[in-house]
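Engineer: Protein sequence lines correspond, in order, to chains A and B.
Residue 41 is where the first sequence starts when you use the working numbering, and the numbers rise one by one after that.
Residue 41 is where the second sequence starts when you use the working numbering, and the numbers rise one by one after that.
There's no promise every hint is true.
Copies of the same chain are indistinguishable here, so a pair counts whether it falls within one copy or spans any two.
Unchecked claim - Lysine-lysine pairs mimicking BS3-like chemistry, simulated, CA-CA at most 30 Å apart:
{"hint": "1", "residue 1": "Lys-74", "residue 2": "Lys-329"}
{"hint": "2", "residue 1": "Lys-118", "residue 2": "Lys-236"}
{"hint": "3", "residue 1": "Lys-104", "residue 2": "Lys-74"}
{"hint": "4", "residue 1": "Lys-141", "residue 2": "Lys-316"}
{"hint": "5", "residue 1": "Lys-329", "residue 2": "Lys-91"}
{"hint": "6", "residue 1": "Lys-329", "residue 2": "Lys-118"}
{"hint": "7", "residue 1": "Lys-83", "residue 2": "Lys-104"}
{"hint": "8", "residue 1": "Lys-118", "residue 2": "Lys-324"}
{"hint": "9", "residue 1": "Lys-101", "residue 2": "Lys-237"}
If you are wondering where the hints come from, they were derived from the structure by calculation, not from laboratory data.
Since the structure is predicted, the reported quantities are computational estimates derived from the model, not experimental observations.
Number of protein chains: 2
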Amino acid sequence: MYYIGIDLGGTNIAVGLVDEEGHIIHKDSIPTGKHRPYQDIVKDMAMLVLKVIKDAGKDIKDVKSVGIGSPGTPDNEKGILVYANNLTNFVNVPLRAEMQKYIDLPIILDNDANCAALAESVAGAAKGASSSVTITLGTGVGSGVILNGKIYGGFNYSAPEMGHIVIELDGEPCTCGRKGCWEALASATGLIEQTKKAAQQNPDSLINKLVNNDLSKIDAKTAFDAAKQGDKTGQEVVDKYIYYLAEGIINVINIFAPEVLVIGGGVSKEGEYLLKPLRERVYKYVYFKEEPQTKITTAKMGNDAGIVGAAMLGR
Amino acid sequence: MYYIGIDLGGTNIAVGLVDEEGHIIHKDSIPTGKHRPYQDIVKDMAMLVLKVIKDAGKDIKDVKSVGIGSPGTPDNEKGILVYANNLTNFVNVPLRAEMQKYIDLPIILDNDANCAALAESVAGAAKGASSSVTITLGTGVGSGVILNGKIYGGFNYSAPEMGHIVIELDGEPCTCGRKGCWEALASATGLIEQTKKAAQQNPDSLINKLVNNDLSKIDAKTAFDAAKQGDKTGQEVVDKYIYYLAEGIINVINIFAPEVLVIGGGVSKEGEYLLKPLRERVYKYVYFKEEPQTKITTAKMGNDAGIVGAAMLGR
Numbered sequence: 041m042y043y044i045g046i047d048l049g050g051t052n053i054a055v056g057l058v059d060e061e062g063h064i065i066h067k068d069s070i071p072t073g074k075h076r077p078y079q080d081i082v083k084d085m086a087m088l089v090l091k092v093i094k095d096a097g098k099d100i101k102d103v104k105s106v107g108i109g110s111p112g113t114p115d116n117e118k119g120i121l122v123y124a125n126n127l128t129n130f131v132n133v134p135l136r137a138e139m140q141k142y143i144d145l146p147i148i149l150d151n152d153a154n155c156a157a158l159a160e161s162v163a164g165a166a167k168g169a170s171s172s173v174t175i176t177l178g179t180g181v182g183s184g185v186i187l188n189g190k191i192y193g194g195f196n197y198s199a200p201e202m203g204h205i206v207i208e209l210d211g212e213p214c215t216c217g218r219k220g221c222w223e224a225l226a227s228a229t230g231l232i233e234q235t236k237k238a239a240q241q242n243p244d245s246l247i248n249k250l251v252n253n254d255l256s257k258i259d260a261k262t263a264f265d266a267a268k269q270g271d272k273t274g275q276e277v278v279d280k281y282i283y284y285l286a287e288g289i290i291n292v293i294n295i296f297a298p299e300v301l302v303i304g305g306g307v308s309k310e311g312e313y314l315l316k317p318l319r320e321r322v323y324k325y326v327y328f329k330e331e332p333q334t335k336i337t338t339a340k341m342g343n344d345a346g347i348v349g350a351a352m353l354g355r
Numbered sequence: 041m042y043y044i045g046i047d048l049g050g051t052n053i054a055v056g057l058v059d060e061e062g063h064i065i066h067k068d069s070i071p072t073g074k075h076r077p078y079q080d081i082v083k084d085m086a087m088l089v090l091k092v093i094k095d096a097g098k099d100i101k102d103v104k105s106v107g108i109g110s111p112g113t114p115d116n117e118k119g120i121l122v123y124a125n126n127l128t129n130f131v132n133v134p135l136r137a138e139m140q141k142y143i144d145l146p147i148i149l150d151n152d153a154n155c156a157a158l159a160e161s162v163a164g165a166a167k168g169a170s171s172s173v174t175i176t177l178g179t180g181v182g183s184g185v186i187l188n189g190k191i192y193g194g195f196n197y198s199a200p201e202m203g204h205i206v207i208e209l210d211g212e213p214c215t216c217g218r219k220g221c222w223e224a225l226a227s228a229t230g231l232i233e234q235t236k237k238a239a240q241q242n243p244d245s246l247i248n249k250l251v252n253n254d255l256s257k258i259d260a261k262t263a264f265d266a267a268k269q270g271d272k273t274g275q276e277v278v279d280k281y282i283y284y285l286a287e288g289i290i291n292v293i294n295i296f297a298p299e300v301l302v303i304g305g306g307v308s309k310e311g312e313y314l315l316k317p318l319r320e321r322v323y324k325y326v327y328f329k330e331e332p333q334t335k336i337t338t339a340k341m342g343n344d345a346g347i348v349g350a351a352m353l354g355r
């Protein structure tokens, strides 16, 4: 059997036909046109699904289910996308019912962080592992936990929100209402803030030169780029960021002891430059210091994670 | 079928015959005599098992397994108690092999925090719940996670160490090597330290009177007792302690979303006096604010938790 996976984003809708092992047989995408009524968007999405199946030379009878991964708050029990902050008109959208007007297949919803974790578990960095946690460093800190091939969501499917572990009592206010959440320190957003602050305090640093003294151009790569060229301020920012990241990852390992811990998102593209000092700190301070230890690695699925993870929801 | 549960402690060894539902049919105990060679202790333990079965009017054929709950680091795979800090001569003790010299039954080992969590899940405060986390506030902060009736231990069985979630970056040094672990702030030990400090800074407080100005007599009840009698310093200690406890519990709920969160250990005997302000803070700040919410309650199994949990390891 095959599975359809849909990565429903604010810019594009990507659809793929995926096999049992998580390989994409064929994929295609269209612009979301997010300001349109949701009915129009869902219709386009359904038509793209039918096109992908046809272009792959398959029939709808070969497809077991359609999985949709989205940001925000999908409620799979009710089949509703409760809210998606990057989709203008998506508030309490009956996504399942609307899709089933065009496609008579089971429609499964989940959020993008869970889909990314599932994709890494089925076909990526955590393939073959009995348990994995995938941490995605982006605007926030996303997280997904896969135990024995299944997404762990807690009894009300609100877990895991690892980004909202307070690691600094009375720290900076977080959007969730608490103070000192890990997300504020370890997300790409946090890294950018830390880089900007260091650049302001050290106007002669290479960070400033790399962005032609326009601090609004600082991104999650800037401090790493400066550090690699020997800049002291850049290195200090990177060291401190890795410390923040490590403290949270040690927490996660002490809590879950996953076989594999996968780090995704833009920052993970730094590869070994990020992983080497991170692993050193984590293995030094993790509670359980014997072998076997949790393997720490970067995500492998890249942009396909959304499609593959959504497809594997039906497996 | 019945199950034997052994609570192997530094002072006493308690043995119980337990039914499928986690009810104790018959129990007995003997002093551990912890300074003796382990061979002698294990022999006494095995004899007590046989006595309990006989006194209950049952036969060894009615018993499916023998579970042993202990502090420290039991390794069930190898059948070895790697280390138990409150048992003098227990370093790499081949507990299973030694027991099987006397009793030809499966011998299962696990640590006391997991046994307490399993007991609450089978027959206590989390009975009937699909998932639960039990937090035990004692010398440290113990934790056990039960998912669908099974103990969750991670791939290397080192999880969960919730007490060793850093919640205060660069806080007080912890025995685990990190700084600012939850355990240092939320354990009974932490509460006692906080109470002593407040008593020193406020010599006129009721706390001092309650212990006749001998601060070494302060225990985990003292601040609560003072607060209940209207003492300002006592109330401040209690409020701050509940804040520390709540911050960690919100972390745990954000991570696991368990159906029930059980609080055990001496501090939990404060009951609603502890639970009411704790729940208020937790439900206000937990990430997922919709219904259904994790139920927060105190442990019900008391001193029997060790026996029942150890017995249910074989279920």
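Engineer: Take the hints in turn and mark each one as holding or not.
Structural biologist: Results of checking the hints against the structure:
1. Lys-74 <-> Lys-329: between (49 Å within a copy, 27 Å between copies)
2. Lys-118 <-> Lys-236: neither (43 Å within a copy, 52 Å between copies)
3. Lys-104 <-> Lys-74: within (28 Å within a copy, 61 Å between copies)
4. Lys-141 <-> Lys-316: neither (50 Å within a copy, 48 Å between copies)
5. Lys-329 <-> Lys-91: neither (52 Å within a copy, 40 Å between copies)
6. Lys-329 <-> Lys-118: Answer is between: at 18 Å across copies they meet the 30 Å cutoff, but 44 Å inside does not.
7. Lys-83 <-> Lys-104: within (20 Å within a copy, 58 Å between copies)
8. Lys-118 <-> Lys-324: Between. Shortest inter-copy distance 25 Å satisfies the 30 Å Cα cut-off; intra-copy 45 Å does not.
9. Lys-101 <-> Lys-237: neither (56 Å within a copy, 71 Å between copies)
The structure is inconsistent with the numbered hints 2, 4, 5 and 9, although it conforms to all the rest.
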